[in-house]
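Asker: Okay, so the sequence shown: first residue is 756 according to the working numbering, each after it adds one.
Please keep in mind that the hints were generated in silico from the structure rather than gathered at the bench.
Across the chosen pairs, the derived CB separations fall in these ranges:
1) K954 - R877: 38 to 48 Å
2) L947 - Q874: 34 to 44 Å
3) K867 - P915: 19 to 29 Å
4) V818 - D927: 31 to 41 Å
5) L925 - E903: 14 to 24 Å
6) R877 - T953: 38 to 48 Å
7) E907 - V958: 36 to 46 Å
8) T780 - E907: 27 to 37 Å
9) A848 - T761: 23 to 33 Å
10) L925 - T905: 17 to 27 Å
Beta carbons: idealized from backbone N, C-alpha and C, even for Gly.
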Amino acid sequence: MTSSPTLALPGGTIPMLGLGTWQSTGDEAVRAVSGALELGYRHLDTATGYGNEGQVGRALSLVDIDRDDVFLTTKLPPEHAGRERRTILESLAALGTDHVDLWLIHWPPGGKAAPEVWQELRRARDEGLTRSIGVSNYSIPQIDQLIEATGEAPAVNQIPYSPADHDPELLDAHRERGIAVEGYSPLKRTDLASEAITKAAAVHDATPAQVVLAWHLAHDVVVIPKTTHLARLEENLAALDLQLTAEEVAAIDALGW
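Whole structure, please, built from the sequences with the hints as guidance.
Answerer: Take a look at the structure:
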């Protein structure tokens, strides 16, 4: 199995293929996360709002892997604006770690950029509670407000991304600002029966889901598909071995036009 490619962030490197844990709860979440780690996943994405940080932390404790070898993300709920430090400390306690690798503002608080909240994430980073900081579901104008207010761009913007969402100008806008794009709901938002996807899958003896994940990686978009099923965990991880041609990537790009 090919190890995940990585992107450099200000506080380290992020594996480009990770496991999303939205809607994963209870023992099922523990089994999924521990199973993923045993298969070779080294990037886990959770959030305070998911209500499963404790399960993710328990899974981490069950697997004999050095904490520093796992890239761990959690997120600040927008309604926790004003109690940022308390929230990150509660997250760390639930996760059983003294730091996360990436802490994101989950949504713009009240629909606003909220530079004051961004400033609190910067303080948490400077205190060593998180190695990198970023945002989720932010627009480019909102990101520019954060940069203007503090002089610092988010390391990551986690947004919905799939072939149907493909927007080269949006990707370029992030890269011009030094921001990594991380895509969530990559499969849920995709018509896996699209001809461009099924054709590439047939050529490479791959599944349509693997083609979609490989397409994200071809665009340097970090991708975090969610599943609790072992077979799907294995299938998604195997996308790392799939190299699409430039023509196949372009055909899939066209699904978003």
